[in-house]
Amino acid sequence: MQKRMWVVFALVMIVPGLLFTVSCGKKKIASDPSSVTSGADVGKKGGEGKDSAAGKLSEEEMAKQKALEEQRRKEEEAKRKLTEEAKRKLTEEQARFENEDIYFEFDSSTLLPTAQEVLKKKVAYLKANPKINVVIEGHCDERGTNEYNLALGDRRAKSALSFLANLGVETSRMTAISYGEERPLDATHSEDAWAKNRRAHTVIE
Amino acid sequence: MTNAMRRYGISLTTLVFFLLIFSDKCDSAFEYIDINNPFLRKIPIAVPFFKALSKQKTEVDLGKSGSQTAGETLAFTGFFKVMDRGAFLEDPQSAGIETAEILFKNWVAIGAELLITGGVNVRGDMVEMEFRLFDTFKGRLLVGKRYEGSVKDERKIVQQFCDEVIYALTGKRGIFNAKIAFVSNGTGNKEIYICDFNGTNPRQFTRNKAITLSPAWSSDGKWIAYTSYVKGKPDLFIHHLKENLNSKVDHEGLNITPAWHPQKMELAATLSFSGDQEIYLLTETGKIIKRLTHNNGIDVSPSWSPDGTRIAFVSKRSGTPQIYVQNIESNQVERVTYYGKHNTQPTWSPAGDRIAYTSMEKGETNIFSIGVNGKEPVQLTHNARDNESPSWSPDGNLIAFSSNREGNSRIYIMTAYGTDQRRLLTMPGEQSSPQWSPRIVNY
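Listed in order, the protein sequences are those of chains A and B.
Numbering (this note's numbering) for the first sequence: 1 to 205.
Numbering (this note's numbering) for the second sequence: 206 to 648.
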């Protein structure tokens, strides 16, 4: 309620102010010697009335130019939005590609069906972006000991890598790195955290 | 290799010890500590303040600090109960420190079975210290030694004598010159640190500013191998403890779990460049000598038998991680653990008869030890959350490990029988992966 009151108040204050400015502008145009050069000639022939007609004409021109300017601005804006959108889409795609992890069961490096689906999407992305190289990180939950988990993480990264390779991604574009349990996504100690941490994560190099 | 061995074969002693074995006939007394379970009954030992031989103030101070160091050092082994000085009936400051001057019945009366007397004689910056270990029941001198060294090295001198005490009582050398390497993340990254046998004097060894893991001492105590992500992936680094000498093993994939051969300058480590995690034998500079394991699946964490003929390691060849032993020459493999579904981190005991390992079951991780033949598995930690990374002290009497029983992961010590579990040190961050050095390390 109060907000609306403020808006009304603001309009009451500003609108007359704008009108005042516009009328001032008109006067200025009329008395501006440079813009009146032609107008003055016309004025000499047509007197006072014609002088005011000349003012109207320049007003029309102004309006036209303003419209043109407005259009140009809109077009530019649209273009900017388009490239921004494209960029955003690209980073979004890239982020989705990087962030969509695949998950494993405890002490396993077998690719689950859901993991295979995610990897198939990664194949499509990698084929569409042939210049991109990737690192596939293998991670484990905190259970089990560090050294064993380094080996398990290695197997996880490698099984994701060979799946991608079997679907046609060049092995020269992929590196497998195990982080074992050294870099958990969720450092809490719960089934949920463990499930999140048993993952293979893809990073664009 | 021979060059390297020659180069580092001569160890520099920082102390000049003046050693004198007293003329009294010393009994060899190995029967004092039961080798079957030396921790079953702690031997009550009295360590009165050492005597100020020329009555100087610095001698009195050194006598107090020295006897305290001796008590703490001996108590650390788990063999002894160091008696409260308030109970003593006799004061060696006045009574004297030699056999003829001691009224042994005064020590027997309070229950002390062993007695250590000491004398301190300061001359300028140098100190002469003499020590005697007595059997109070027999009234007999077991060992007597005299040392001379710098005043600031008093602690080392006392520990040197404690080593003689342990040798006289067990027939084996002590651990007081050994170090413990471990991992701590106090700086924000896991780095390797080294502390003294009792947790004092921790110093940062690596400054990789990257995940650094799995320190492993060479058998001569002069090199440490470890894994670090300093180049963005798990590579193996082999560093000299004091000199700027190092090698790198950076094959594609894993380069982890180094374990030095107990006699040769060679190490076993897990590499996965072939696509499979296998254990290899490497030279001291990291060149591959040969592949040791041949099995599709995880093979990791080698630990040498003390004679260097076999390795214990973790393999998933049966479906779950279990401990196996393999002969290096014949490649014959035997499974050691059958109990439990997740057995890792084998470490062979210095005596060669047992393997300590980590077993995870029902949400808890505990340390076990088992005969190399797979018999007599013994659980050493109980109901104390996660306990990992067992490491035998060089005399085989203690096991260092990490535990989060008090919240953050810390380094703990226990006897080889699981008794006397205590925290080794407290420092910022979390600590893990303790590794006892060989018996003597100069660092």
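A portion of the hints provided could be inaccurate.
[As the list claims (entries may be wrong)] Beta-carbon label-pair distances, calculated as ranges: (1) 449(B) x 205(A): 39 to 47 Å; (2) 162(A) x 647(B): 32 to 40 Å; (3) 469(B) x 190(A): 31 to 39 Å; (4) 86(A) x 457(B): 42 to 50 Å; (5) 100(A) x 456(B): 25 to 33 Å.
[As the list claims (entries may be wrong)] Calculated lysine-lysine pairs in the BS3-like style (CA-CA distance at most 30 Å, straight line): (6) 131(A) x 438(B); (7) 196(A) x 447(B); (8) 121(A) x 247(B); (9) 438(B) x 120(A); (10) 546(B) x 196(A); (11) 196(A) x 262(B); (12) 546(B) x 131(A); (13) 414(B) x 127(A); (14) 196(A) x 310(B).
Source of the hints: derived by calculation from the structure; they are not laboratory data.
These figures come from a predicted structure and were not determined experimentally.
Every residue gets a Cβ at the ideal spot worked out from N, C-alpha and C, and that includes glycine.
Evaluation of the provided hints:
1. 449(B) x 205(A): 39 to 47 Å: The hint (39 to 47 Å, Cβ to Cβ) is violated, given that residue 449(B) and residue 205(A) are roughly 32 Å apart.
2. 162(A) x 647(B): 32 to 40 Å: Since the Cβ atoms of residue 162(A) and residue 647(B) sit about 48 Å apart, the hinted range of 32 to 40 Å is violated.
3. 469(B) x 190(A): 31 to 39 Å: The hint (31 to 39 Å, Cβ to Cβ) is violated, given that residue 469(B) and residue 190(A) are roughly 46 Å apart.
4. 86(A) x 457(B): 42 to 50 Å: Since the Cβ atoms of residue 86(A) and residue 457(B) sit about 37 Å apart, the hinted range of 42 to 50 Å is violated.
5. 100(A) x 456(B): 25 to 33 Å: 30 Å, holds
6. 131(A) x 438(B): 23 Å, holds
7. 196(A) x 447(B): The given pair, whose Cα atoms are some 42 Å apart, is violated under the 30 Å limit.
8. 121(A) x 247(B): 66 Å, violated
9. 438(B) x 120(A): Since the Cα atoms of residue 438(B) and residue 120(A) sit roughly 26 Å apart, the hinted pair holds (cutoff 30 Å).
10. 546(B) x 196(A): 23 Å, holds
11. 196(A) x 262(B): 65 Å, violated
12. 546(B) x 131(A): 44 Å, violated
13. 414(B) x 127(A): 36 Å, violated
14. 196(A) x 310(B): 68 Å, violated
In terms of the numbered hints stated before, the structure departs from hints 1, 2, 3, 4, 7, 8, 11, 12, 13, 14, listed from lowest to highest.
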